[in-house]
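Asker: One-letter residues, chain by chain:
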Amino acid sequence: MKKSHPEEEKLSLYIDGALSGDELDLIERHLTSCSDCQREVEALKGISSFIMKTLKDDPDYSLTRSLWPLIEERLPEKRGLSDLIMDWIRPVFITRIIGSFTVAALLLLLFSFPYLYGIWKEKRLAEHDADILIERVEVEGGPVMIFKTERKLTVIWLIEGDVHEES
Amino acid sequence: MRRANFFIPILLLIILFASRSIYCEERFLIKVEIVHASQEPGSVDPGFSSLREEFSPYFKYRSYRRLETRRESLKTGQVGEFHLPDGRVLYITPLGEYKNRVRIRATIKGDSLDTEYLARRGSPLVLGGRKYKDGVLMVIINIE
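Chains as they are written, first to last, in the numbering used here: chain F, 1 to 167; chain E, 1001 to 1144.
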């Protein structure tokens, strides 16, 4: 049967006398039969007594203060929301320069689309060989006839609804 | 430096659009002829005999009289105003040119006619059909 060992944090709390009840019983029972954990407890007790002794011999904390920068260096850096966002964005844009160019290219595409579409449309119209190309005719109040004569004269003829007489 | 990366393409875009609008600042000479066609016997003014032949399969007008000829030089986007004898007003706007074709917008106030077309220089478009006196009015628009 596989033996499960208590976590290091629990062992630290045990050394500090911060455990009670079932948790304390469980650790004590385990230590009677586990030599690995006994060694771990002894090591932790050694560190603890060394720290306590150091603090006792260093009432003005001068040694602690001198050690603190070395300890701080090894502590994990605190990360803000902006760091988390950048972590998410960075793989997408790889670098800020590529990101800038991507946005600029998208803007360029967006703004130039109507212009490019206009050129494409003009080019298509230019392919026709007719002299006149009617694109749009709107008339209100009557039908309209569009035709070409035999000699290709283009005519837009308003079919009479109202009579416009000179007064 | 990073700001420059954004502004360079935008600046290029502005130059592109500006150059296009400068390029389009050309002038177009628009000729408008107002013709009265009638079934009554009468004369055919010089230059309209071919017009009569062209229209003969469709309409039985016997006289073609030129009432007015006007030329106007218009810039791209400029609106030319032409008053017709029946009180209507014709507005012509050249919208630009592409490969020898001029895009024209023609509207007639009074008919609510609004049309847009592309025309080669020297190719006339005829707008007609409204009754006038004993015949009809025709407007021939030509870009010279």
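Just so you know, the hints here were simulated from the structure itself, not pulled from any lab data. Each hint should be verified, as a subset may be incorrect.
Below 27 angstroms or equal to it, Euclidean Cα-Cα: the simulated DSS-like pairs (lysine-lysine) are [to be verified]: (1) F:Lys10 x F:Lys56; (2) F:Lys78 x F:Lys148; (3) E:Lys1133 x E:Lys1109; (4) F:Lys148 x E:Lys1133; (5) F:Lys78 x F:Lys121; (6) E:Lys1060 x F:Lys123; (7) F:Lys78 x F:Lys56; (8) E:Lys1060 x E:Lys1131; (9) E:Lys1133 x F:Lys45; (10) E:Lys1131 x E:Lys1099; (11) E:Lys1075 x E:Lys1060; (12) F:Lys148 x E:Lys1031; (13) F:Lys148 x E:Lys1099; (14) F:Lys152 x E:Lys1099; (15) F:Lys123 x F:Lys78; (16) F:Lys121 x E:Lys1060; (17) E:Lys1031 x F:Lys152; (18) E:Lys1131 x F:Lys10; (19) E:Lys1109 x F:Lys123; (20) F:Lys121 x F:Lys152; (21) F:Lys121 x E:Lys1075; (22) E:Lys1109 x F:Lys148; (23) E:Lys1131 x E:Lys1031; (24) F:Lys56 x F:Lys45; (25) E:Lys1075 x E:Lys1109; (26) E:Lys1133 x E:Lys1075; (27) E:Lys1131 x E:Lys1075; (28) F:Lys152 x E:Lys1131; (29) E:Lys1109 x E:Lys1131; (30) E:Lys1109 x E:Lys1031; (31) F:Lys78 x E:Lys1133; (32) E:Lys1075 x E:Lys1031; (33) E:Lys1133 x E:Lys1031; (34) F:Lys53 x F:Lys78; (35) F:Lys121 x F:Lys10.
If you anchor each label on the Cβ, the simulated ranges turn out as follows [what the hints assert, rightly or not]: (36) F:Ser112 x E:Arg1052: 21 to 31 angstroms; (37) F:Glu122 x E:Glu1068: 30 to 40 angstroms; (38) E:Arg1120 x F:Ile97: 48 to 58 angstroms.
C-beta atoms are modelled at their ideal positions from N, C-alpha and C, and glycine is treated no differently.
Asker: Please go over all the hints and tell whether each is borne out by the structure.
Answerer: Status of each hint after checking the structure:
{"no.": "1", "hint": "F:Lys10 x F:Lys56", "in the structure": "holds (25 angstroms)"}
{"no.": "2", "hint": "F:Lys78 x F:Lys148", "in the structure": "violated (80 angstroms)"}
{"no.": "3", "hint": "E:Lys1133 x E:Lys1109", "in the structure": "holds (19 angstroms)"}
{"no.": "4", "hint": "F:Lys148 x E:Lys1133", "in the structure": "holds (26 angstroms)"}
{"no.": "5", "hint": "F:Lys78 x F:Lys121", "in the structure": "violated (57 angstroms)"}
{"no.": "6", "hint": "E:Lys1060 x F:Lys123", "in the structure": "violated (39 angstroms)"}
{"no.": "7", "hint": "F:Lys78 x F:Lys56", "in the structure": "violated (31 angstroms)"}
{"no.": "8", "hint": "E:Lys1060 x E:Lys1131", "in the structure": "holds (14 angstroms)"}
{"no.": "9", "hint": "E:Lys1133 x F:Lys45", "in the structure": "violated (121 angstroms)"}
{"no.": "10", "hint": "E:Lys1131 x E:Lys1099", "in the structure": "violated (37 angstroms)"}
{"no.": "11", "hint": "E:Lys1075 x E:Lys1060", "in the structure": "violated (38 angstroms)"}
{"no.": "12", "hint": "F:Lys148 x E:Lys1031", "in the structure": "holds (20 angstroms)"}
{"no.": "13", "hint": "F:Lys148 x E:Lys1099", "in the structure": "holds (22 angstroms)"}
{"no.": "14", "hint": "F:Lys152 x E:Lys1099", "in the structure": "holds (20 angstroms)"}
{"no.": "15", "hint": "F:Lys123 x F:Lys78", "in the structure": "violated (60 angstroms)"}
{"no.": "16", "hint": "F:Lys121 x E:Lys1060", "in the structure": "violated (39 angstroms)"}
{"no.": "17", "hint": "E:Lys1031 x F:Lys152", "in the structure": "holds (19 angstroms)"}
{"no.": "18", "hint": "E:Lys1131 x F:Lys10", "in the structure": "violated (106 angstroms)"}
{"no.": "19", "hint": "E:Lys1109 x F:Lys123", "in the structure": "violated (31 angstroms)"}
{"no.": "20", "hint": "F:Lys121 x F:Lys152", "in the structure": "holds (24 angstroms)"}
{"no.": "21", "hint": "F:Lys121 x E:Lys1075", "in the structure": "holds (22 angstroms)"}
{"no.": "22", "hint": "E:Lys1109 x F:Lys148", "in the structure": "holds (24 angstroms)"}
{"no.": "23", "hint": "E:Lys1131 x E:Lys1031", "in the structure": "holds (22 angstroms)"}
{"no.": "24", "hint": "F:Lys56 x F:Lys45", "in the structure": "holds (16 angstroms)"}
{"no.": "25", "hint": "E:Lys1075 x E:Lys1109", "in the structure": "holds (21 angstroms)"}
{"no.": "26", "hint": "E:Lys1133 x E:Lys1075", "in the structure": "violated (35 angstroms)"}
{"no.": "27", "hint": "E:Lys1131 x E:Lys1075", "in the structure": "violated (32 angstroms)"}
{"no.": "28", "hint": "F:Lys152 x E:Lys1131", "in the structure": "holds (24 angstroms)"}
{"no.": "29", "hint": "E:Lys1109 x E:Lys1131", "in the structure": "holds (16 angstroms)"}
{"no.": "30", "hint": "E:Lys1109 x E:Lys1031", "in the structure": "holds (19 angstroms)"}
{"no.": "31", "hint": "F:Lys78 x E:Lys1133", "in the structure": "violated (92 angstroms)"}
{"no.": "32", "hint": "E:Lys1075 x E:Lys1031", "in the structure": "holds (14 angstroms)"}
{"no.": "33", "hint": "E:Lys1133 x E:Lys1031", "in the structure": "holds (24 angstroms)"}
{"no.": "34", "hint": "F:Lys53 x F:Lys78", "in the structure": "violated (31 angstroms)"}
{"no.": "35", "hint": "F:Lys121 x F:Lys10", "in the structure": "violated (76 angstroms)"}
{"no.": "36", "hint": "F:Ser112 x E:Arg1052: 21 to 31 angstroms", "in the structure": "violated (50 angstroms)"}
{"no.": "37", "hint": "F:Glu122 x E:Glu1068: 30 to 40 angstroms", "in the structure": "holds (33 angstroms)"}
{"no.": "38", "hint": "E:Arg1120 x F:Ile97: 48 to 58 angstroms", "in the structure": "holds (49 angstroms)"}
When held up to the earlier numbered hints, the structure conflicts with 2, 5, 6, 7, 9, 10, 11, 15, 16, 18, 19, 26, 27, 31, 34, 35 and 36 and fits the remainder.
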